[in-house]
Amino acid sequence: MVVDDTGAKERAVRIAIADDDVLLREGLASLLARSGFDVVGQAGDAVALLTLVREREPELVIVDIRMPPTHSTEGLDAARSIREEHPAVGILVLSAHVEVEEAIELLAGGERIGYLLKSRVTDVGEFIDTVARIARGASIVDPSLIQELVAARRRNDPLALLTAREREVLALMAEGCSNAGIGRRLWVTDGTVEKHVKSILTKLQLPESPDDHRRVLAVIAFLEAR
Amino acid sequence: MRNAFRGFVTSACERRSLARRRRADWVVAIAGPVIITAVLLPFGSFFALSSVLLFVLLAVIAAALIGGLRPALTAVAVGVLAGVFLHVRHYGGLRDPLGVDLAKILAFVFVGVAIAILVGELTRLAAEQGALRRVATLVARAAPPDEVFASVTAEIGLLIPADTTQIYRFERDRTASNIARWSKPGTDLPAAARWKLGGHNVTTLVARTGRPARIDNRADGTGEIGTEARAAGARTSVGAPIVVEGELWGVAVATSTGGRRFRGDTEARLAAFTALVALAIANAESRDELAASRARVLAAADEARRRIERDLHDGTQQRLTALALELRATEAAVPPDMTGIRTQLSRTAKGLAAAVDDLQEISRGIPPAILSKGGLGPAIKALARRSAIPVELELSSDTRLPERIEVGAYYVVSEALTNAVKHSGASVVYIRVDVDDLVAQISIRDDGVGGADPTRGSGLTGLQDRVESLGGTFEIANSVGHGTAILARIAMESGDNGRR
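Protein chains in written order, with the numbering used here: chain A, 1 to 226; chain B, 227 to 726.
Since the hints were derived computationally from the structure, they do not count as laboratory data. Note that the structure is predicted; figures quoted are calculated from it, not measured. Built from N, CA and C at the ideal position, the CB exists for glycine as well. Each hint should be verified, as a subset may be incorrect.
[What the hints assert, rightly or not] Distance windows between CB atoms, simulated: (1) A:Arg154 with B:Thr363: 47 to 55 Å; (2) A:Asn156 with B:Ala419: 49 to 57 Å; (3) B:Gly677 with A:Ser30: 53 to 61 Å; (4) A:Arg154 with B:Gly651: 13 to 21 Å.
Construct the complete structure from the given sequences, taking the supplied hints into account.
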């Protein structure tokens with residue numbers, strides 16, 4: 001149960017979890033249950049997850065990228081199938097290491113997407129917040145991946161045009177924060193954030209995006225291609 | 227097989243010089259004695275039959291040296307005629323035609339023929355030694371077997387001499403592949419590359435017995451090869467087996483379309499060449515085996531690395547993460563007033579998370595999953611992003627390559643980049659990957675101090691091994707002050723070096 005600001009009881013977000021490691025799966029399930037989510041089922045592989053989604057209709061699935069049988073990218077394939085069959089279901093993909101190509105592929109599938117390092121789950125508060133944001137429609141990319149993209153050294157780097165603050169804002173944009181979210185993180189007002197965002201988009205010649213999801217995709221594609 | 231038909235092409239230049247030499251042989255054989263006779267004409271005192279014949283012997287030797295047996299014999303005949311002519315012209319007739327004169331002439335003919343044979347044999351031996359030496363030099367130089375085959379067919383053809391020479395490799399399915407051929411200009415060769423064994427023909431005989439074989443009357447040739455050879459006008463064929471490390475590998479066949487039979491020692495002469503061919507093949511095979519075993523060692527190491535990476539991620543890291551989660555659960559279950567324990571639990575959970583990050587770092591050098599999933603492009607892009615020196619990247623295409631080549635190329639880039647970061651002091655590294663149907667070319671160039679010594683324990687030696695085990699080449703241009711440039715070229719397919 002999540003109690004929102006108005007005090008009214010909100011229906012708990014229904015979540016399905018897929019991971020072949022029972023210990024981790026159980027740990028995640030109990031963490032989420034403890035935090036007010038409704039864990040509707042657990043699966044040990046992609047096939048079981050797809051059945052679970054069909055039968056229990058969760059609003060969000062959390063899926064490990066490497067699962068039986070080949071332990072390579074079964075989670076990504078499952079995410080793709082779920083996107084096709086149930087486009088409204090939010091998807092959070094957990095991976096032992098994050099790759100920009102995979103992030104772009106996932107984001108290209110539509111909004112309500114998350115792509116995180118698996119170890120993020122141990123930072124409980126942050127993780128729960130991320131899950132809740134995806135459930136509400138945000139798209140989120142692991143900060144370490146964005147860090148790597150922003151830190152990549154280039155000759156004639158277009159990022160050199162940005163101020164240090166603007167870089168911070170850009171990274172948060174890429175991670176999937178909304179303007180309000182960026183404002184909270186950096187302790188500045190929404191107006192200031194908007195000013196930074198506008199300046200960044202102008203300097204990098206990026207189009208203004210109608211929603212946060214497309215903004216994430218555009219910024220990451222830009223960072224990857226620069 | 228790139229060079230298989232090189233022996234087939236006799237250059238126009240070679241052809242002309244051959245014809246010129248033939249003409250010269252006969253000019254010497256006939257004109258020699260005649261000229262000597264003409265020169266002697268003014269000196270009457272030499273006209274005794276024996277002295278004339280003695281002089282003519284010089285012409286016989288010359289003809290033998292230049293042209294071999296037949297011109298020499300011709301010179302002997304012309305010499306007898308010239309001697310008799312001079313003597314009769316001067317003295318008006320032979321003194322004792324059936325006695326002393328006949329004896330002199332017979333003695334001259336005997337000596338002349340003996341010289342002709344000896345000198346002819348000597349030149350033939352010298353030619354054979356020369357040919358063998360040329361082939362042996364090729365073998366010693368570790369020339370590709372194709373080149374050795376082409377050289378051997380041409381040398382045998384010219385030496386014996388034959389009209390066509392061919393090398394066949396015996397295949398497992400009772401066929402013979404024609405892998406090299408040579409023919410005298412103007413001679414037709416059956417064109418097929420693969421023949422069914424069977425019937426009465428030299429190739430099949432050798433395949434069956436493993437010993438040299440000969441067919442002098444090709445009219446009775448049967449089987450696919452025999453029939454075809456007969457159609458091509460073959461009369462006489464000799465074949466010698468090629469035995470590589472105790473195993474019958476193939477055969478070298480010499481064929482004549484003229485009426486002339488091959489000499490009795492042709493088999494033995496062929497065998498001298500097939501022994502060299504066998505050596506070349508054996509060498510190439512051991513070279514290939516060595517490369518293959520190096521490749522196997524590397525592949526095993528790669529596989530072990532991948533396993534470690536999998537174990538780290540799916541095992542240890544996963545377990546640590548689960549434990550950290552459990553700690554967090556415990557932390558949440560501790561009553562709010564026991565802040566000491568809560569803090570301690572939180573600290574432990576954070577420590578565990580840090581350990582997970584460390585594991586992540588450890589597995590960095592291992593080819594990432596993205597290499598097998600996305601190919602060389604995304605994997606190299608990731609390397610470039612993580613590089614401490616700016617990288618200018620140029621990738622010619624996104625085509626997927628065979629896994630062994632992708633892994634090899636990945637290591638080349640990864641190691642070269644690490645090396646540049648550690649030692650070069652460069653401000654930029656240029657990486658270029660060009661891929662076409664035949665070869666993948668990876669070049670890594672920096673503008674640093676250069677002078678890195680590949681022999682001194684840098685990762686570059688390992689890279690050289692890796693690239694060469696893939697049948698590729700690895701070069702370092704490395705002059706002090708001009709940066710370091712590494713060029714690796716890996717062929718899409720490794721050559722089969724004439725093996726089955």
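So, going through the hints one by one against the coordinates:
no.: 1; hint: A:Arg154 with B:Thr363: 47 to 55 Å; verdict: holds (54 Å)
no.: 2; hint: A:Asn156 with B:Ala419: 49 to 57 Å; verdict: holds (56 Å)
no.: 3; hint: B:Gly677 with A:Ser30: 53 to 61 Å; verdict: holds (59 Å)
no.: 4; hint: A:Arg154 with B:Gly651: 13 to 21 Å; verdict: holds (19 Å)
The structure meets every hint from the earlier list without exception.
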